Amino acid sequence: MPEMLQGFIAGLSYLGNGDYWFGFFFALALAVPVSLIPGISATLVMAITIPFIVVSVSDPVVGLAMLAVLTGVDNTLDSIPAILLGMPGGATQVTFLEGNQLAHRGKAAHTLGAVYAVSAMGGLIGAFSLALIIPVIAPFVLAFGFAEIAAMAMFGVAMVAALSGGAMLKGIFAGVLGLLLSTVGPGKVSLDFRYMFDQTWLFDGLPLIATTIGVFALPEIIDLTMTRKPLAPKDAAISYGEVMRGARYGLSRWRMTIRQSLFGVFLGAVPGIGSGVVDWMSYAFGIFWTKDKSQFGKGSLDGVLFAESAQNAKEGGQAIPTLALGIPGGRAWAFVIVAMTSYGIAPGQRMLQEHADITIMIVMSLGLGNLAVTMLGLLFTRQMARLTLIPYPVLGFLIIPISLLAAFQDTRDLSAITIVLIGTGLGMLMKRYKWPRPPLLIGFILGPIIESNIVNSVGRYDWVGTFTRPLFIVLFVISIMTAALFTKFMARTEASGTALMEPTADELPEGLSPPSGAAPDAPSGPASMVARARGLRWAWSERQLFTGAMVALSVYVLWEGSGFSFFGRWFPIGLGVVGLVLSTSQFVREGVGVKAGDVMDIGMRSQGLEGARTAGAIFLALLTMMLVLTGVADIQFWIFQFGGLGWGAFFIALLGPPLMMRNKTGLIGGVIGASVILFLNIVFFDYVLAVFWPEPFILDLFR
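Going by our numbering, the sequence shown wraps up at 705, each residue one higher than the last.
Calculated from the structure, these hints are not laboratory results.
Bear in mind that the values here come from a model prediction, so they are computed numbers and not experimental data.
In silico DSS-like pairs for lysine-lysine, Cα to Cα no more than 25 Å straight-line:
1) K295 - K436
2) K300 - K231
3) K666 - K231
4) K436 - K300
If you anchor each label on the Cβ, the simulated ranges turn out as follows:
5) M246 - W291: 22 to 30 Å
6) W540 - L669: 51 to 59 Å
7) V476 - F568: 23 to 31 Å
8) T616 - R250: 42 to 50 Å
9) T616 - S543: 24 to 32 Å
10) T667 - R257: 42 to 50 Å
11) R257 - L378: 22 to 30 Å
12) V476 - S677: 54 to 62 Å
13) I424 - V634: 16 to 24 Å
14) S60 - L253: 38 to 46 Å
15) I674 - S241: 21 to 29 Å
All residues carry an ideal CB built from backbone N, CA and C; glycine is no exception.
Starting from the given sequences, assemble the full structure and let the hints guide the process.
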């Protein structure tokens, strides 16, 4: 203990060290602008900067503290593109779901002010918890074996499905679909090449960033671009006063923040539980303690705060297994271990003895980084919130090429762009036919965690030993009970009429009309009443095309999976059976006229707007032009060292706004957008991040 205390005192002496503060502010200056760019995460920045930090910074205390600042700051700032631009990341899906709708109502400044307040508190609570827990946490972390981690992951999928409101079947199937997508690629243990269609670029499976951008992010960007309107109304409250009112509201929710933050620390301390799991499980945990659950999914500020406070605190939790056991608590902390190894430092018990100075400064840097970025956010949020007043075509044609570049950077392969485009088509269809996307993404994130941990546990304890471990049984029972309770609570919320609606006049068979005394979309009774209203007659509808495709997909999964080895097929075959039952049930329900209630997702905002179809056609033409330039052009001269994607981004930013808006604002927006793209391409992407640009590929297809 005296040795640890001496180490802590030695570490705290760095607060008076100029080298530490230079490294701190350098990391802050790098993290802040990068975090504001949609699709660029702290993980990517850390991967790029680690070699420079290790080579240039000889003091490991300063170098590792810089990495702690990078990962901590990102959790606060990644909420900005999710709220203001409709561009979520893997860890900001809840923030996007609730916060973007608040921005649409003109409350972006208020929302961000509240986010900064709870994020700062969450970061401090996470750092304080790390300092208190790390000396005694090892036995608890070691109690979580493969089976227990799989149980926690299954709990995450169940919770998101239970939050699907009146569309329970759709929500559960979407979660199953996400799990199925995670099985694409070589088996975790077997040598089976699953659902790869002989495509070598699927050898590593579907990449997370490209899939997230495709399914969740780009559909929103396209939809908002097609509205040709600003995100917020003209009378939106954007002022420093509104930011501070939001911050005061966030501070007033300190009891909730402490509860959510401690929950985030707990989740972060379990190795393998990623940011996406923390996002949704903390959201569900917060809803559990809220009496009125009808507000969630419709633009709830508390829903945003539930997730954001836990997300910032979870960094302290993820640092616990990283420092105490050498087990990375998350992807960003895996890079911290890489840096520690480069400095010749082994994580474990020695982190509390001879390296206690590093431990305490990582704790301090996490807390100080959150405070610093909170102050910056409060100063500049008013200016950033003004983005919601800019017509969205100006923003959309900036964000789309940056998103494609971010997906490409993750894999350095053109297949990432293909995955983004396919995922975008799926996401647009799910928005159009009101299938919730959050369960799909959380299932996709958690699928490998569930499958690999169960397989590893079976290899160690066999099947009986795996499913009879006491902690696994406790976690599994808690998962089932909690999911059942949430289902009951959400059913009560939907009892007001969103879960099952009477058919409107144009949906009823010829000769029938809505029940007397009821509005065309009035709440219905049991499903049998709807069936009787239709006289048990089957009526085809457009939405059944998508549901039928899901039935066919489930059949294909079973047919293709039957040829895999046992360890390659047990997971996808089990999911295929569940998916077939759920999708067939939904297909039948739609056929007899049972309408699902609201889903916890954002529908098509451009649907029904005048000129939306024309805007969609223009968008497709410009996107095609950009992709052709990406595949053909290799124009590099003078300071213009970017490839075809950079030039394609320039031209769609220049042409997109005027073609869609057809007014002076569009012309000015196009010029400004093209100038911003040039600056980003030349200065930021080439000289700061040194990104790799896609190589031309179209001409190679004909050689």
